[in-house]
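With the hints as your guide, set chain V onto chain L.
Protein chains: 2
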Amino acid sequence: MRASRFFISTLKDAPSDAEIVSHQLMMRAGMIKRLGSGIYTYMPMGLRVIRKVEAIIRDEMNKAAGIELLMPLVQPAELWQETGRWTKMGDELMRVKDRHGREYAIQPTSEEVITDVVRTEIKSYRQLPLNFYHIQTKFRDERRPRFGLMRGREFTMKDAYSFDRDLAGMQASYKVMFDAYTRIFTRFGLKFRAVAADNGAIGGSGSHEFHVIAHTGEDALVYCPTSDYAANMEAAEALPPAGERPAAAQALTKTATPDTVKCETVAALLGIDLAQTVKTIALTVETTGKDEKVTKQHFMLLLRGDHELNDIKVGKVAGLAGHRFSTEAEILEVYGTIPGYLGPIGTRAPVTVVADRTVAHMSDFVCGANDAGFHYTGANWGRDVAEPAIVADLRNVVAGDASPDGQGALAIERGIEVGHVFQLGTAYSESMKATFLDENGKPAPLQMGCYGIGVTRILGAAIEQNFDDKGIIWPASIAPFEVVLCPMGMDRSELVKEETEKLYAALQGAGVDVIVDDRGLRPGAMFADWELIGVPHRIVIGERGLKEGKLEYQGRRDAEATGVAPDAIVAFIQGQMAQ
Amino acid sequence: MRASRFFISTLKDAPSDAEIVSHQLMMRAGMIKRLGSGIYTYMPMGLRVIRKVEAIIRDEMNKAAGIELLMPLVQPAELWQETGRWTKMGDELMRVKDRHGREYAIQPTSEEVITDVVRTEIKSYRQLPLNFYHIQTKFRDERRPRFGLMRGREFTMKDAYSFDRDLAGMQASYKVMFDAYTRIFTRFGLKFRAVAADNGAIGGSGSHEFHVIAHTGEDALVYCPTSDYAANMEAAEALPPAGERPAAAQALTKTATPDTVKCETVAALLGIDLAQTVKTIALTVETTGKDEKVTKQHFMLLLRGDHELNDIKVGKVAGLAGHRFSTEAEILEVYGTIPGYLGPIGTRAPVTVVADRTVAHMSDFVCGANDAGFHYTGANWGRDVAEPAIVADLRNVVAGDASPDGQGALAIERGIEVGHVFQLGTAYSESMKATFLDENGKPAPLQMGCYGIGVTRILGAAIEQNFDDKGIIWPASIAPFEVVLCPMGMDRSELVKEETEKLYAALQGAGVDVIVDDRGLRPGAMFADWELIGVPHRIVIGERGLKEGKLEYQGRRDAEATGVAPDAIVAFIQGQMAQ
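If you read the protein sequences in the order shown, they are chains L and V. When we follow the working numbering, the leftmost residue of the first sequence carries the number 1, and every step to the right adds one. When we follow the working numbering, the leftmost residue of the second sequence carries the number 1, and every step to the right adds one.
Hints may contain errors.
Same chains, same label: a pair holds when it works inside one copy or across any pair of copies.
[Claimed, not checked] Calculated lysine-lysine pairs in the BS3-like style (CA-CA distance at most 25 Å, straight line): (1) K33 x K12; (2) K88 x K316; (3) K63 x K497; (4) K33 x K97; (5) K433 x K33; (6) K33 x K123; (7) K175 x K63; (8) K63 x K502; (9) K254 x K502; (10) K12 x K123; (11) K433 x K63; (12) K547 x K502; (13) K470 x K12; (14) K316 x K296; (15) K470 x K33.
Derived by calculation from the structure, the hints in this document are not laboratory data.
Just chain L, same shape as in the assembly (with noise of 0.2 Å):
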């Protein structure tokens, strides 16, 4: 390419409503341009970058026996409505209605169309397994779109639907494709993390999120660096604490703590360690009789006044599906005292107690007296209070925990999901009456797995992993162009010239794709473009250093640049990109 006959549109400053580093950027970089909220053209420079990225992806998918197709965009409500996700998806669902008043959802994703079409093609278990996948324009309604690409309302997505005969081949479809991301991945060049996902019903480990590692992430990730164990902070386990409950040592003391309601102040205000408070967390389960007529269930969770609560896995626990925080006016009419004053010791009324495995283990502890202004030391189980009626994991993993499979302990670090692999089983398949006859003619349900990558998001997390002051950094496999060349007064030097056109043939034959900045820059404000865009490799044909017998070569992250003599240049220029 040369660069006269590309659109190149760089900006020194980002707009305002760029809030992220990688929006910022992309805006600088021409990559985007701003049409409505959540809404983006992608500019000649971004398109080169996402058809780069969708090439690995189409690549990986066809290897692993993904099969392409294109589902159309506007999708007629009676499918959305057969699995109920017509209601369910709510606003974020983007509705349409024709000129004759029927109604049609534009896709955010595509289950219900690929199982309309698997429906009535597959009739035996012979012509199984498939996997089916489609690289196409989404549409999600946020509610507040944001960060450029990364939270957008149109956007690209690949998403892949498998089809299996039973639960075992579902599975191995779905390690086929958790494989094929791992190469995806892979081959963009980022650093990456697959984390066990919480998948609700299905549970286990039936889910998995792709993250890209970068520390603006929106997610918590944990791992153990000494084990294959990952998992998102939703789904990590926090086992509980290794050996006996040490003895009690205290005497439980009803200490005053005026106006002290959080843990961390009580912690002061006593001058212990935070890990020996408890916080108690009061919660609501309200259930409908047959009669319509609204049952209240109250529960106090214990969790120790350094850890943070895990909704997730306190949906999880018994009793506790559809739970809610209690409300001052619940907790002064059940409890008789203000927030911040709740613990397990003498409570007014019976109350089902739910303690975090950790608080379970711990002695010695303070927490809330039930009595506004005071706190009881030195609590410890079985002696001052009954042992909790639940104990369960209710809390957040922090950095250095055991890892839940025995090999060391667990890391935290930042994440930005860029895929998701999800079993699905029969969920799609039973709604829309999706069957197969199997080996003795009987129908049976299809097993469905699911399988995203944001093709787009995945600029924005590159970049979030790989920039610096001058701009982006782009990995070769995904960058817009693997290699710019820089002449230095092109028009005025015809040895320049020579020997620029004479590099971009030689590049171009061995398969580099290159752009020649041939618009008669000057030096600082060619470079400058090209650092912000993020090419990882620059050469700079100057008249000097070809007197000298060299070009300048030196790559996006190099502090300066290296002498090659022109004959060895293509050679040299192979060798860094198989770095």
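For chain V alone, kept in the frame of chain L given last:
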């Protein structure tokens, strides 16, 4: 590709709603699957054709200095309101509201968005010319979607937009696109014709349509076999007849023609040639004055009995913009007679007579006598009635008419419109204030052109041109596969299996897009599938043949197979493909 890893789904019969051959064959060959009215899933076999069509378009667009980007599907209403198309497009424009009640269009084309991109990006004439294109999903809410991909609602289109500093530049960009289109359709391997089209306000040769030639085409194409002249029926000019008008030879005679209101029946009754009759068409033009009073003007259009009215041409006659047919009541009121007996001679009120060029050249003609049940014969201009107030080209040309370039006689064939190039001028740039600074630093509106190709429509058009009673006959460049290998009894014969694998590898190595049918079907069913799907080259590998030292090659249009030695087959196939 191996058929066992692909998805092949053929049908014996087409669904009853498939009215035309291409729709029937695409459904039967498993290329598309209906999701809703005018909405199709592109199945794996169909998607391969679409991708090949797109690749050819992209390659030629890039060679013609087109720069690819990707504009969103969901486009803010405000942009469409700027050009007035939000209203003008009516029900065909699919509209959607987001969760905040903001309105959007699902793009049918992208003039507004590209003009918005360019008005913020282009500051100076130095940045011009530019030509942006994208290949993107479109939606048009057709009143009556039908014919499969030929008149669907969701479809794929390549749309390009050129921007120039002046008319000459725009016309040069237009020429570049015209030539690129010619190369694109040539590479598709289709018989096609570019015809001049009417483009309303701009006139001249500012618009061409590209048609795939097919008997079943919706459009009539006019061309001169002995010159370059070609136009669509709307735009093809009918020249005035050559020579002087013949002198009057008959006397004007009022002749009884009871219940004979059509020229055909008048000619039969009188025993004369239809070409001797003149039909009269009453038109009314309503104009609303400043006082909101509606004034009606009435026109009498004269056409030779065997000619057809061309409404586009009529609309261009001074005073006839916005014309409509007069109602029966208006005819009775103005002319004092009933339709079928109108004529230019002896009208009750003064009326503007607009004669087609051919009619103005007639003598001794037959026309209505403005008296129910009577026609005049032997009518002559000048003698019996004043020369017509207006003489204009009002009719469709017919085969044999003189070519407007004076180089021969016109012929007519049918075509399917698949591309359109259009000189837009400044219509969009003026309404959207898309200006640039010219050499004198003065703002000037951008000169635009737009250029579309109906990507998915190409599939339908290619089939309408290329099919037989067995199925589709794809041109090799856009066939889903170039070559199919049909092994006979691969599971029984080690020799067949070995030779098939060898040949498969050899063809792949030679860059041939080959599929091996390893499904284990009987020969009849296997051959029928590939003839239906329309793969252009087939090689049968059978044990008997191999023992005789040959494979059986058959081109999709060949009546019989040809024996080819295994060693020679790759070169043979390459030879066939080069034809």
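Now for the hints, and whether the structure bears them out:
Proximity of K33 and K12 under a CA criterion of 25 Å is satisfied intra-copy only: 15 Å inside one chain copy versus 49 Å between copies. For a Cα distance limit of 25 Å, the shortest separation of K88 from K316 inside one copy, 21 Å, qualifies, whereas the shortest one across copies, 56 Å, does not. In this assembly of identical chains, the alpha carbons of K63 and K497 lie at most 25 Å apart only when taken from different copies (22 Å versus 43 Å within one copy). In the homo-oligomer, the alpha carbons of K33 and K97 lie at most 25 Å apart only across protomers (22 Å), although the nearest pairing inside one protomer, at 28 Å, exceeds that limit.
Taking the shortest alpha-carbon separations for K433 and K33, only the inter-copy value of 19 Å comes in at or below 25 Å, while the best intra-copy value is 43 Å. Taking the closest pair of Cα atoms, K33 and K123 come within 25 Å of each other only across two copies (16 Å); inside a single copy the shortest separation is 47 Å, beyond that limit. With identical chains, the CA atoms of K175 and K63 are at most 25 Å apart within one copy only, with a shortest distance of 14 Å there and 43 Å across copies. With identical chains, the CA atoms of K63 and K502 are at most 25 Å apart between copies only, with a shortest distance of 20 Å across copies and 37 Å within one.
Taking the closest pair of Cα atoms, K254 and K502 never come within 25 Å of each other, the shortest separation being 86 Å inside a single copy and 87 Å across copies. In this assembly of identical chains, the alpha carbons of K12 and K123 lie at most 25 Å apart only when taken from different copies (16 Å versus 59 Å within one copy). For the homomeric pair K433 and K63, neither the shortest alpha-carbon distance inside one copy (30 Å) nor that between copies (50 Å) is at most 25 Å. In the homo-oligomer, the alpha carbons of K547 and K502 lie at most 25 Å apart inside one protomer (16 Å), although the nearest pairing across protomers, at 54 Å, exceeds that limit.
For a Cα distance limit of 25 Å, the shortest separation of K470 from K12 inside one copy, 11 Å, qualifies, whereas the shortest one across copies, 62 Å, does not. For the identical chains of this complex, K316 and K296 are intra-copy neighbours only, at 18 Å inside a copy versus 78 Å across copies, given an alpha-carbon limit of 25 Å. For a Cα distance limit of 25 Å, the shortest separation of K470 from K33 inside one copy, 20 Å, qualifies, whereas the shortest one across copies, 49 Å, does not.
Checked against the numbered hints listed earlier, the structure breaks hints 9, 11; every other hint is satisfied.
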